[in-house]
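Make a model of the complete structure from these sequences and hints.
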Amino acid sequence: MEVVSISNLSKIFNTGKDNEVEALREIDLTVTKGEFIALIGPSGCGKSTMLRLIGGLIPITSGELSVNGKTPTKAREERDYGMAFQSAGLLEWRTARKNIELPLELMGWSKAERIKRANEMLELVQLGEFARSRPAELSGGMQQRVAIGRALSFNPALLLMDEPFGALDEMTREHMQDQLLDICHKTESTVIFVTHSIPEAVFLSTRVVVMSPRPGQISSIVETNLRAGDNTADNTKIRNDERFYKKVTEVREALYGK
Amino acid sequence: MEVVSISNLSKIFNTGKDNEVEALREIDLTVTKGEFIALIGPSGCGKSTMLRLIGGLIPITSGELSVNGKTPTKAREERDYGMAFQSAGLLEWRTARKNIELPLELMGWSKAERIKRANEMLELVQLGEFARSRPAELSGGMQQRVAIGRALSFNPALLLMDEPFGALDEMTREHMQDQLLDICHKTESTVIFVTHSIPEAVFLSTRVVVMSPRPGQISSIVETNLRAGDNTADNTKIRNDERFYKKVTEVREALYGK
Amino acid sequence: NHNDDSASGNCDKVDKVKLQLQWFTQAQFAGYYAAVEQGYYSDLCLDVEILQGAVEIVPITVLTTGGADFAISWVPKVFGPIEGGSDVVNIAQVFERSGTLQVSFKDSNINSVSDLDGKRVGNWGFGNEFELLAGLKKNNLDPDSDVQLTQQAFDMSALLNRDIDAAQAMIYNEYAQVLEAINPDTSQLYTADDLNIIDWNDEGTAMLQDAIWADKSKLESDSNYRDIATRFVEGSLEGWIWCRDNPTPCVEVVLKNAPTLGRSHQTWQLNEINGLIWPSSNDVSVMNINLANQTARVATEEDIVESNPGSDWYRTDIAEAATKNLKDKGHDVRGLSWQKATVTLLEGGK
Amino acid sequence: MGKKLFLLLNKAAVRRILIFIAFLVLLALAYTAYKAFGQALDDRQRDWWFIGSFFPRTDDRNMPPILDILSEFGKSPRIGGETYISQLFSGALFTLREAFVAFVVGSIVGLVLAVLLAQSKLAERGVMPWVIVSQTIPLIAITPLVVLWGQANLDFLPWEWKTWMSVSVIASYLTFFPVAVNGVRGLLSPSSEHLELMQSYGASRVSILWKIRFPASLPFLFTAFKLAATAAVVGAIVGEISTGVSGGQGLGKLIFEFARTYAAAPERLYLGVIGAGITGLFAFGLIVLVEKTILNSTGQQIRE
Amino acid sequence: MGKKLFLLLNKAAVRRILIFIAFLVLLALAYTAYKAFGQALDDRQRDWWFIGSFFPRTDDRNMPPILDILSEFGKSPRIGGETYISQLFSGALFTLREAFVAFVVGSIVGLVLAVLLAQSKLAERGVMPWVIVSQTIPLIAITPLVVLWGQANLDFLPWEWKTWMSVSVIASYLTFFPVAVNGVRGLLSPSSEHLELMQSYGASRVSILWKIRFPASLPFLFTAFKLAATAAVVGAIVGEISTGVSGGQGLGKLIFEFARTYAAAPERLYLGVIGAGITGLFAFGLIVLVEKTILNSTGQQIRE
Ligand SMILES: Nc1ncnc2c1ncn2[C@@H]1O[C@H](COP(=O)(O)OP(=O)(O)OP(=O)(O)O)[C@@H](O)[C@H]1O
Ligand SMILES: Nc1ncnc2c1ncn2[C@@H]1O[C@H](COP(=O)(O)OP(=O)(O)OP(=O)(O)O)[C@@H](O)[C@H]1O
Ligand SMILES: [Mg+2]
Ligand SMILES: [Mg+2]
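Residue numbers (this note's numbering), protein chains in the order written: chain A, 51 to 308; chain B, 51 to 308; chain C, 126 to 475; chain D, -14 to 289; chain E, -14 to 289.
I should point out that these hints are in silico values taken from the structure, not numbers from a laboratory.
All values reported here derive from a predicted model rather than from experimental measurement.
Glycine included, each C-beta is placed from N, C-alpha and C at the ideal position.
Honestly, I wouldn't trust all of these hints.
Which residues of chain E face chain B? A few of them, derived with a C-beta cut under 8 Å, are [to be verified]:
{"hint": "1", "residue": "Glu181"}
{"hint": "2", "residue": "Leu182"}
{"hint": "3", "residue": "Gln184"}
{"hint": "4", "residue": "Asn281"}
{"hint": "5", "residue": "Thr283"}
Mimicking EDC-like on lysine to aspartate or glutamate, the simulated pairs with C-alpha atoms at most 16 Å apart in a straight line are [claimed, not checked]:
{"hint": "6", "chain 1": "A", "residue 1": "Lys67", "chain 2": "B", "residue 2": "Glu52"}
{"hint": "7", "chain 1": "C", "residue 1": "Lys202", "chain 2": "E", "residue 2": "Glu242"}
{"hint": "8", "chain 1": "E", "residue 1": "Lys277", "chain 2": "D", "residue 2": "Glu109"}
{"hint": "9", "chain 1": "B", "residue 1": "Lys124", "chain 2": "E", "residue 2": "Glu181"}
{"hint": "10", "chain 1": "C", "residue 1": "Lys381", "chain 2": "D", "residue 2": "Glu67"}
{"hint": "11", "chain 1": "B", "residue 1": "Lys67", "chain 2": "A", "residue 2": "Glu187"}
{"hint": "12", "chain 1": "D", "residue 1": "Lys277", "chain 2": "E", "residue 2": "Glu109"}
{"hint": "13", "chain 1": "E", "residue 1": "Lys196", "chain 2": "B", "residue 2": "Glu142"}
{"hint": "14", "chain 1": "D", "residue 1": "Lys196", "chain 2": "A", "residue 2": "Glu155"}
{"hint": "15", "chain 1": "D", "residue 1": "Lys196", "chain 2": "A", "residue 2": "Glu170"}
{"hint": "16", "chain 1": "E", "residue 1": "Lys196", "chain 2": "B", "residue 2": "Glu155"}
{"hint": "17", "chain 1": "B", "residue 1": "Lys67", "chain 2": "A", "residue 2": "Glu179"}
Right, dumping it as structure tokens:
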């Protein structure tokens, strides 16, 4: 089942003005249900723009784009998305827990359910003690983790994540990766995940989409799928598997050339 | 010559309130001129707090801290610092170039000098084309690079950098690392550099300071110094050197235990 | 409340009446308050509510828009609206004399209007300046070039500070304020001997002031309203007669309705107000035709109106009917024997 | 919340009031010093340079001595009458009631307008001009209407219409404007980041308003409320003067009376000004207190 | 900048004005419809429910027909005299001059105060109360002083003091307040991130003020300028009325005349109101135009 289908998509900012920027050119991509797409490419190549287009937050310039057979705006209104933006974007007047509760409130969860789920999420991102802290009192990485908790809290069908683990140390990052995979497999979510870390992309994804510098184009797509559908696969094993290293090299070459 | 000397430094936020947080406990550290200290540790362990203490932006709770033999506030007023914060912190009403010019304006550079230097910096961070863009029109990584350009623009004696390359792809990151080293060697700057990337820490630093989780303490200090004072050393060679891998492993073990 | 218990007994029906005053409550309107307190209105089967005026209340507007049944206003202030088509008529000219003065210190040597030549002459503007302007012209002074006309605030500081040489003042109000102020040279209150006054009544440019106004065509078409008007004028005049004969309790009635006012100042004011009414050349409030013509003439000369308002703006029948009733009750409606009392002002009008 | 308010009152408010009093004393000293200086000059050469014309005169009529002003509080307009301080106090209460109603009505109207104006450019362009026009019309042009309207028999209201309510209506006319203008600014202040977040959840306009725009606009709204509270008090005072109130004596009436008798008793006008000032400060202080409590609890406090 | 302004005028402003006119026509229609409805009711049962008391009366005295109002523009107070529209036009120019001076003076004073208040908690606590107090004092208590002061011989000024300048002084008294209050809010609005950045450069207070606080406060200041421009116009109108400015016919004087003769010619007061409204809109529109130009060029525009 096609979740996202993109064809011949282009995006130009400030069309006609002297600061015109061609961010994306002629993108074609199809994502099917349950896939985990890693989006990788140099800084400024249009990864965030792509996510924002898919999420229906900015209008496309030309081409076609549909999500679950609907326009992105429609899909957004029907709450198909969970998004984690490049910057944490927490509401500064809400505590960490209240920030995680935000989407749940919008989806009409009861107060008790919300608190329960928010607490689970805080545990998952290892911030149980900081439930009542405000964003300003959290470190950069902690803020990012709250944002991840918020994006995952309501089991969205389509997860759009923009460098969610960028500000985390290796250990926390690996923990979060494992948790993310776990949740996604349980809820059969489809994920589009932007990252700068090639190993992370390879480890998490079923496919790695490699983009070239501005104007952003898809230069190649590497099938990774180290789990091959087996959700119980041992993550540590995969991380140390030879196939993993090979795929990492393959993506690196696709990205930077040999 | 001691640039930073810290002894028995502790930092507690919200002392006495119910949301009291002990961020740093009994830190001892001495940094001499020309050193490149990499600070590494799990998310929320107090790295940013440490930089902010050294920069004199927040008051210490107990212990002693001096910079170039002065109080941090004094040092700050005498413009000893160049800081790059964890979030880019660009002024949204200024263009990229104007943002880089900000510290130069404060230091009384002439307009022509400012523009010249700002353009050099924009080239250095590979954003020459975006001189006239505003922060809102730049991607996350591009914003971060502008902030780096700004921090480096006036050759500060002491550079405090908080995950400056966090949002950059590998290639851009390596380019920036090389540039940073180059500048630091030329201007004989002392650097304290927070990062989550162990290879980055090892590659750049003379010493890696490893911190343990909250309350943040220095768990060990790894001498790296792969260049051993030779500024002309070939970076590619160092990155592929065996000593490099050994040091990476050493730091990883210091950080996460064997 | 006085009205209710006495009125309901003898009356088939009590008519509600609203009276709009031209200014805040003070002894200038003592007669109306007295009529309420003394039950004169309720004896005539009226339930009168007095609406005090304020800075931006134009009584004639309130009257014509139905906010009040009767209004108190100076005559010249109504000429403009009447010329513009306002349907109102003067039914009782309560004050026969103008209370407007031009006050100066003795040492300024302003003994007559012609002495204003070359002086700084204060006035309030906003339609209060016509008697002054007419008086100047009558004495062959050009208001634009021969005197220096100056905007004056509604208090007498400008005169006391000697920023102006002659100040406009109402005899019952601002003039008294000067006499309530300390003369820094003597550390005593100023006295009448320190001051010269020009009284427009003596100069022949006085204009008629407080009068009762009513809805003109309603008065012609609605006999009930005409009847109410007559009773209202009768009750009001009875109040004024009472205040003439009993000034001390009358002042207390005013003070009761306006707790922030000073007693000596209000006593002075009532005394002077009585002097504007009594002795009356006609039966009280019945229009003096000469003064009506003088007012209309000055108004025309001063361009308040384009053409002389003639005599359509007042009617005397209601006042005549009311005074007839009063005379029948044995009241003195001329007050020929009335004489001004001597009132001692205290510092600040206490 | 009650307890929190009280605590704030205990610490911050007391400090605030102390500072205020310190400045008050300073001002009184400056006033007296200036007066003394001016009088010394008077004795020599009154018209020296521009002291004579530019600065206020320093004689007792124009600048009554502080002690005279203070002692005037205990006096009364007539022998045996109510003292000025007690008149001012009850006048202030009377005016505060008008101002309170005006504040509440004006704030509600202002908020509703702000929400309306924040909806779309079209709404802003269509409605904003009328809001502006409404403010440009001087009170003198609307008081007759308001007063007439108040005089009509508003029988259908569950309460009896009093003239002071007309004053409140006039004051609320001044009140809603800053709330509307600052409110729009506040409602439009959320970052695009937060708005996009909400959009990504498919949040409705109402949810965005309630969960993002409204909290983000709190700091703006409290600034507006400060302006509005002050405007409500001054509007009530001005309303009393321009329309008159029967059945009560507000501050406005007192001040007007005092202003008119300034020549005879200048101290009194100062009493009125002090009374109005304290009343305004009281209203302002209440808003600051509520602001501190709420913004502290949401962490949006900008200072302290 | 000139060209930019012109371009903005061409596109956005024209659209804006068109929308305004559309709403104007709508309003006129609503007015006429309400009047017709009310009159239909009048004919049957005037006192039906509360229409009779709550809503304005619909007869021609209280609600003159739109056409009467419009045709009044072309009339004149006396045969062969100046038409009202030309009186209003020159009155508006006269008042705008007063308002302009008031706006400039008030904004400068407000900005200086805002900078002062933003310096420290102590300054805010010491000075803010006086700013509030100043606003609570009704104009009626200060106009006499201003007028006297204006009448004194301010010979030392390099220009001749005119009465309209006293009006400007009074209007600026209303103007500086929103600028001061919103200004403080704006000056305190920069994020701690930006302030820390500046501190890390060892920037002086003045630099921080100039390079961070001031630009960050622009959106706040423009909101304040909008309030201030409106306040300047209404302050000038009220000031004219309360000082009775001679030597010129401003809008205030005209409105005062019209209000006094409301009973006779209600249309005229509407003329005055329309004149004041358009003048206010003009002042407001100028600020919006400048705001758009500046905030567009700094990218701080919140809408459009
Ligand atoms: N609102 C905007 N207006 C103008 N240009 C924009 C805007 N947003 C993005 N761009 C431009 O589009 C290009 C792609 O930006 P985008 O944020 O998608 O990059 P990215 O791949 O996410 O980069 P990074 O890894 O640095 O986050 C950049 O050149 C950027 O300058
Ligand atoms: N202003 C503050 N108020 C209260 N607590 C704070 C504040 N700033 C930081 N902390 C706390 O101090 C601890 C250290 O924070 P810090 O930002 O120094 O972490 P960090 O090492 O930089 O983490 P990261 O890698 O996630 O950026 C955290 O537990 C955080 O919650
Ligand atoms: Mg991005
Ligand atoms: Mg950090």
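We went through each hint and held it up to the structure:
1. Glu181: 5 Å, holds
2. Leu182: Holds. Min distance 5 Å.
3. Gln184: 6 Å, holds
4. Asn281: 11 Å, violated
5. Thr283: Because about 4 Å separates Thr283 of chain E from the closest Cβ in chain B, which is inside the 8 Å limit, the hint holds.
6. A:Lys67 to B:Glu52: The given pair, whose Cα atoms are some 53 Å apart, is violated under the 16 Å limit.
7. C:Lys202 to E:Glu242: Measuring from Cα to Cα gives roughly 11 Å; hence the hint holds.
8. E:Lys277 to D:Glu109: 15 Å, holds
9. B:Lys124 to E:Glu181: 15 Å, holds
10. C:Lys381 to D:Glu67: 12 Å, holds
11. B:Lys67 to A:Glu187: 13 Å, holds
12. D:Lys277 to E:Glu109: 15 Å, holds
13. E:Lys196 to B:Glu142: OK: Lys196 of chain E and Glu142 of chain B at ~12 Å, within 16 Å.
14. D:Lys196 to A:Glu155: Holds - the C-alpha atoms of Glu155 of chain A and Lys196 of chain D are around 10 Å apart, at most 16 Å.
15. D:Lys196 to A:Glu170: 23 Å, violated
16. E:Lys196 to B:Glu155: 10 Å, holds
17. B:Lys67 to A:Glu179: OK: Lys67 of chain B and Glu179 of chain A at ~15 Å, within 16 Å.
Violated hints for the displayed structure, listed by number in ascending order: 4, 6 and 15.
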